[in-house]
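With the hints as a guide, dock the two chains, each given alone in a separate frame, to form the complex.
As a plain string of letters, each chain reads:
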Amino acid sequence: MKKADVVGKEKSWFYSDAVKDHFFNPRNIFKTKEEAQNYKADGVGVIGSPVCGDVMKIWIKVDAKTDRIKECKYQTFGCASAIASTSMLSVMAAEKRGMKLDDAMKLTPKDIMQRLGGLPARKIHCSVLGDKALREAINDYFKKTKQFHRVKEDETKIIDTALKITNKDIEEAVLEGAKTFEDVQKRTKVGVQDKNCIPEVKKLIEFYRKKHFEGSE
Amino acid sequence: MKHVYLDHAATTYVRSEVKRAMLPFLSQKFGNPGSFHSLGLEAKNALDASRKKIAKILDCNPEEIIFTGSGTESVNLAIKGVAFALRSKGKHIVTQKTEHHAVLHTCEWLEKEFGFEITYVDVDKHGIVKLDELEQAIRKDTILISTMYANNEIGTIQPVKEIAAIAKKHNVLFHTDACQAAGFSEIDTKKLGIDLMTVNGSKIYAMKGTGLLFVKKGTPLQPLIHGGAQENVLRAGTENVAGIVGLATALELAQKERKKESKRLSNLRQYLIKGIRESIPKTILLGHPVKRLPNNASVSFLDVEGEAILLRLNENGICVSSGSACTSHSLEPSHVVIATGMPYEVAHGSVRFSLGKRTTKKDIDFVLKKLPKIISDLRLISPVELGKKDVGL
Numbered sequence: 001m002k003k004a005d006v007v008g009k010e011k012s013w014f015y016s017d018a019v020k021d022h023f024f025n026p027r028n029i030f031k032t033k034e035e036a037q038n039y040k041a042d043g044v045g046v047i048g049s050p051v052c053g054d055v056m057k058i059w060i061k062v063d064a065k066t067d068r069i070k071e072c073k074y075q076t077f078g079c080a081s082a083i084a085s086t087s088m089l090s091v092m093a094a095e096k097r098g099m100k101l102d103d104a105m106k107l108t109p110k111d112i113m114q115r116l117g118g119l120p121a122r123k124i125h126c127s128v129l130g131d132k133a134l135r136e137a138i139n140d141y142f143k144k145t146k147q148f149h150r151v152k153e154d155e156t157k158i159i160d161t162a163l164k165i166t167n168k169d170i171e172e173a174v175l176e177g178a179k180t181f182e183d184v185q186k187r188t189k190v191g192v193q194d195k196n197c198i199p200e201v202k203k204l205i206e207f208y209r210k211k212h213f214e215g216s217e
Numbered sequence: 001m002k003h004v005y006l007d008h009a010a011t012t013y014v015r016s017e018v019k020r021a022m023l024p025f026l027s028q029k030f031g032n033p034g035s036f037h038s039l040g041l042e043a044k045n046a047l048d049a050s051r052k053k054i055a056k057i058l059d060c061n062p063e064e065i066i067f068t069g070s071g072t073e074s075v076n077l078a079i080k081g082v083a084f085a086l087r088s089k090g091k092h093i094v095t096q097k098t099e100h101h102a103v104l105h106t107c108e109w110l111e112k113e114f115g116f117e118i119t120y121v122d123v124d125k126h127g128i129v130k131l132d133e134l135e136q137a138i139r140k141d142t143i144l145i146s147t148m149y150a151n152n153e154i155g156t157i158q159p160v161k162e163i164a165a166i167a168k169k170h171n172v173l174f175h176t177d178a179c180q181a182a183g184f185s186e187i188d189t190k191k192l193g194i195d196l197m198t199v200n201g202s203k204i205y206a207m208k209g210t211g212l213l214f215v216k217k218g219t220p221l222q223p224l225i226h227g228g229a230q231e232n233v234l235r236a237g238t239e240n241v242a243g244i245v246g247l248a249t250a251l252e253l254a255q256k257e258r259k260k261e262s263k264r265l266s267n268l269r270q271y272l273i274k275g276i277r278e279s280i281p282k283t284i285l286l287g288h289p290v291k292r293l294p295n296n297a298s299v300s301f302l303d304v305e306g307e308a309i310l311l312r313l314n315e316n317g318i319c320v321s322s323g324s325a326c327t328s329h330s331l332e333p334s335h336v337v338i339a340t341g342m343p344y345e346v347a348h349g350s351v352r353f354s355l356g357k358r359t360t361k362k363d364i365d366f367v368l369k370k371l372p373k374i375i376s377d378l379r380l381i382s383p384v385e386l387g388k389k390d391v392g393l
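Chains A and B, in that order, give the protein sequences. For the record, in the first sequence the residue sitting at position 196 is 196 according to the numbering used here, with numbers rising by one throughout. For the record, in the second sequence the residue sitting at position 289 is 289 according to the numbering used here, with numbers rising by one throughout.
So that you can see chain B by itself, here it is in the shape it has in the complex (with noise of 0.2 Å):
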């Protein structure tokens, strides 16, 4: 069955050049980056030259790229890190609501296990952070800001630069997640004036279990994993060459690409938009109209929930993600579309399609030719008859 991947924000495939990069350092240069012979010197130079790579795309200094391994370590390093580094000085962080899980669920254990006190600044209705709030909520015990670069579900892209300014005048660290934003944002650190930013593979076409951050010279932080010298202490464990060498080469790859992908991909992603708009009554654009991630389409279909309408996406081979309580493991509809204000009823019938590399516009028109009939199948068999302005639209 022909496939339509359109979940490119769950993951992506790795690409073929990242692929090529990577292959030397599994059976052939496969040596340990510590040893002192020359298989370890060769894995310790494709080290080097990645870790150089990276920082020159990212406008630092080579060192300081700690590799890990995911987003999600990244976040937690981010965090606990600069928690547990700072702790005597302050026990308060700010973060906001539609952080991934990555985040908030780190920040409550730091709240539940030792005492951290968390605020979770609200955003407005298209996802974007308050920056009034997030600037009243700094105080004098203030130790980190960590707020998403674009966000996930609804592909909002916060303005990380004014809240990295925000930070600064307050004297306060800033972390951003780009894991969404490296492949089509901005990413130099210096532009941005950031402290600390979580980077990850599996997002850009490079291997999952590979990620980075980016902690800027002089930031205080606890390494979570100890039992060697690797990553400047900061993280023990043999390094995954052959991963890092593909995230290198996959950010370098994208970042090269950007423009033009970001460009080919909104043009794509507005004919689904717009395709939907036009065969599909009572149909809701989630997120920013305009400042959002070029590849996400997220939209919640009236009376009909998520989880059914990706099921029977995915009987006609196309992937796609939902925000509905029942794709969920806790239940709840994404806490990303409730923190929007929008109501349940909205959450959980919203839809995500996130668009990558190798779509195609005849895929998007696969897409509109197959939504159409399920949506107006499933409404068919619901009692629920929303109007909009029943949800407050």
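In isolation and in its complexed conformation, chain A is listed as follows (with noise of 0.2 Å):
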């Protein structure tokens, strides 16, 4: 049973005046589609799926003597806070000097969003993926550098809170061969007592099978 609370705790459903400018002239973007194909990036990093509404690729150019990005190009499929996020993180990423590598890697959500002057609370989850998609480039940069100790895989998170199912397992599942939520429930037992988190895990499996599947069926 839901307690009465009309307010509600989301305070204002409209975005703070940096994101709306970064939305509308986004920084550090491609003029054409064939100069985002003709760029040489030292590291390319893509997250999400277009059957989540949010993916973002990120390319940067690595200045390897400082250990600095110089430059941080991207693209973005998502609503205005994610192409709002990407921009602004792109922002971070290489003014003044260039961000050190090891600090990007550090860079959170929280980050872009303070410097965004913060998010609607339902937007966070979903638009600000940019972080993840740039530890991604850094981490194609480390290994096509021969960096391998350098490489950080982004951490698990658990999805399942009932039976402390993580995105990995549900990963390894359609990895077996699951291919419908109730085979991944078969497998996994995800979603038979915290029913809130179906949603998510079938937007999951989705992402999986296009991520490992794609292409090959």
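The reader is advised that the hints may include incorrect statements.
What the hints assert, rightly or not - When the alpha-carbon atoms are kept at most 27 Å apart in a straight line, the in silico DSSO-like pairs for lysine-lysine are as follows:
1) B:208 / B:80
2) A:195 / B:97
3) A:203 / B:97
4) B:388 / A:203
5) B:388 / A:31
6) A:33 / B:389
7) B:2 / A:20
8) A:132 / A:186
9) A:203 / B:112
10) B:370 / A:33
11) B:140 / B:168
12) B:389 / A:210
13) B:370 / A:20
14) A:3 / B:80
15) A:31 / B:282
16) A:146 / A:106
17) B:282 / A:33
18) A:179 / B:389
19) A:186 / B:112
Said to hold, decoys possible - Here are some chain B residues pointing at chain A (derived, C-beta under 10 Å):
20) 307
21) 311
22) 315
23) 317
None of these hints come from the bench; they were simulated from the model. Keep in mind the model is a prediction, meaning the values are calculated, not measured. The C-beta atom is built at its ideal place from N, Cα and C for all residues, glycine as well.
Structure below.
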């Protein structure tokens, strides 16, 4: 049973001036599709899926001597806050002398949000994925330059709070051949108790299926 | 800034005739229809006259109309009212997947809190309910079928007459949510053969917070709001006299004008769709090519997200709505678009243009001038490049 709270926690649905500015005038974008195709990046990272409604792709150029990001370009499929947050991230990564890679690896959604002057609460989870894409791009750079010891994969996240099932468990089930939510549930019991996680699990299944099997079926 | 309002399916402005009809009942003829004095009588007469006016349009008795506070309330009264009245007879309700949340959430609540069973019938790729499945879904304990007349998102018009005939054949009550259709479609309850029908004011140029439920005489119904004898004890509370007078005026005008206005709007709508198709690649028209509300153009733009399109249009003074996840409170993309078998990618990029009385060709030209650049700008910064084949089209 829900407790009455007419106003709710969310104060406003509308965006801050910084979000609007970056949404209407996104920084560090490619002028043409060709420019994106021909861009010589030192590292590239992609996160998200069009199924979930957000995809972010980040290209970085790195100054090997200083270990700093020289240039940060991106493309975003998503809503206004997704576009604005990636735009802001690209500014943060390359501003001044460029961010040290180790610092860039530690960027959090909160850092980006602060610079944006906040986001509506329900937008945070889905739209600030840029930091993860940036980490992937840096990892990609580390792999390309054979600095494997510096590669840091993203941590796992608990999806089903009742059974402590993580995104990695769901990914594993998909890799083992589970195709539908029912398949995954049979293997993991995900969503049996914690029914609230079911929509997210379904999205993850679609995402991992796209990630691992797209084009192969 | 110039405003081009293309969100009439969300709500309409109050037209001047309606405003004029309502005004006397705000400060001069303000009586309570339940009072035994001249002011009360004056209000009661206005109420009765409005009810008669509407009864004539719906081809029913004035006693068969219950005034409510919104379309959502009417839907709640219809479904919960019948469910509670007939729960000893049966606890099964048939509806379909593209219903408004007013219907879906009401059904879910009955399921969860009172153990009702609900069958959500599929629709085809155009959003038309599958009649064979609907008929097969009917059981011995089915007490109600509820399907919308026309869809609020994609504009698909349902075969309400056929559904009513199926309901009748199986001796099951039939409710239709006609909120979107009342301005454009036939709402003669006898010709349609329906038992309950929801109409609201805020889509037909009357006030928000006005609605009605047609309930055929003899239909078992429990009230949801108790505390007075108003509306034949089926909906307590002092009547919103001004709102009701406005609703009656609006409905009368809408039905009088509907053929002419439908023709004008569907021409404009086709002009918009044609313009979009010619100037923007990779677009998908959602809903039915022909059986759709004359004012509805729902389009999905591949590789871009609906909220982003909406806000960039808004920046140009163009008001529309989107079925993208980001514009819904659940963060799930439109259940309607998904129910038609479209993939999530398509739902995320959906935009609804809904035209209205004030919409002109000039407005559409303005949209067609602004939209292509908005889409190409957003596509330029999008990493997604789907072909129509990728989404199964």
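Going through the hints against the structure:
Restraint check for residue 208 of chain B and residue 80 of chain B: the C-alpha separation of about 22 Å stays at or below 27 Å, so the hint holds. For a cut-off of 27 Å, the pair hint linking residue 195 of chain A to residue 97 of chain B stands: about 21 Å separates their Cα positions. The suggested pairing of residue 203 of chain A with residue 97 of chain B holds, with an alpha-carbon distance near 20 Å, which does not exceed 27 Å. Proximity of residue 388 of chain B to residue 203 of chain A is assessed by CA-CA distance (about 21 Å); at most 27 Å being required, the pair is judged to hold.
Pair hint residue 388 of chain B plus residue 31 of chain A holds up; C-alpha atoms about 25 Å apart against a cutoff of 27 Å. At most 27 Å may separate the alpha-carbon atoms for a hinted pair to count; residue 33 of chain A and residue 389 of chain B meet this at roughly 21 Å. Distance restraint check for residue 2 of chain B and residue 20 of chain A: the Cα-Cα separation of roughly 20 Å lies within the 27 Å cut-off, and the hinted pair is therefore satisfied. A C-alpha spacing of about 30 Å is found between residue 132 of chain A and residue 186 of chain A, which places the hinted pair above 27 Å, so the restraint is violated.
Pair hint residue 203 of chain A plus residue 112 of chain B holds up; C-alpha atoms about 24 Å apart against a cutoff of 27 Å. As the CA atoms of residue 370 of chain B and residue 33 of chain A are separated by approximately 21 Å, the hinted pair is consistent with the 27 Å bound. For the hint linking residue 140 of chain B to residue 168 of chain B, the alpha-carbon distance of about 14 Å falls within 27 Å, and the restraint holds. Straight-line distance between C-alpha atoms of residue 389 of chain B and residue 210 of chain A comes to about 16 Å, which keeps the hinted pair within the 27 Å bound.
A threshold of 27 Å between alpha carbons decides the hint, and for residue 370 of chain B with residue 20 of chain A the separation of about 19 Å falls inside it, so the pair holds. Restraint check for residue 3 of chain A and residue 80 of chain B: satisfied, since their Cα atoms lie roughly 22 Å apart, inside the 27 Å limit. For the hint pairing residue 31 of chain A with residue 282 of chain B, the CA-to-CA distance comes to about 21 Å; that is within 27 Å, so the pair holds. Restraint check for residue 146 of chain A and residue 106 of chain A: satisfied, since their Cα atoms lie roughly 20 Å apart, inside the 27 Å limit.
Using a Cα cut-off of 27 Å, the hinted pair residue 282 of chain B and residue 33 of chain A holds, with the two alpha carbons roughly 16 Å apart. With a CA separation close to 21 Å, the supplied pair residue 179 of chain A and residue 389 of chain B stays within the 27 Å bound. Our distance criterion of 27 Å between C-alpha atoms is met by residue 186 of chain A and residue 112 of chain B, whose separation comes to about 24 Å. Here the hint on residue 307 of chain B is kept, as its CB sits about 4 Å from the closest CB of chain A, short of 10 Å.
At about 5 Å, the closest approach between the beta carbon of residue 311 of chain B and any beta carbon in chain A falls short of 10 Å, and the interface hint on this residue holds. The interface hint given for residue 315 of chain B holds, since its Cβ lies 6 Å from the closest Cβ of chain A, which is under the 10 Å cut-off. The beta carbon of residue 317 of chain B is not positioned within 10 Å of any beta carbon in chain A (closest approach about 14 Å), and the interface hint is therefore violated.
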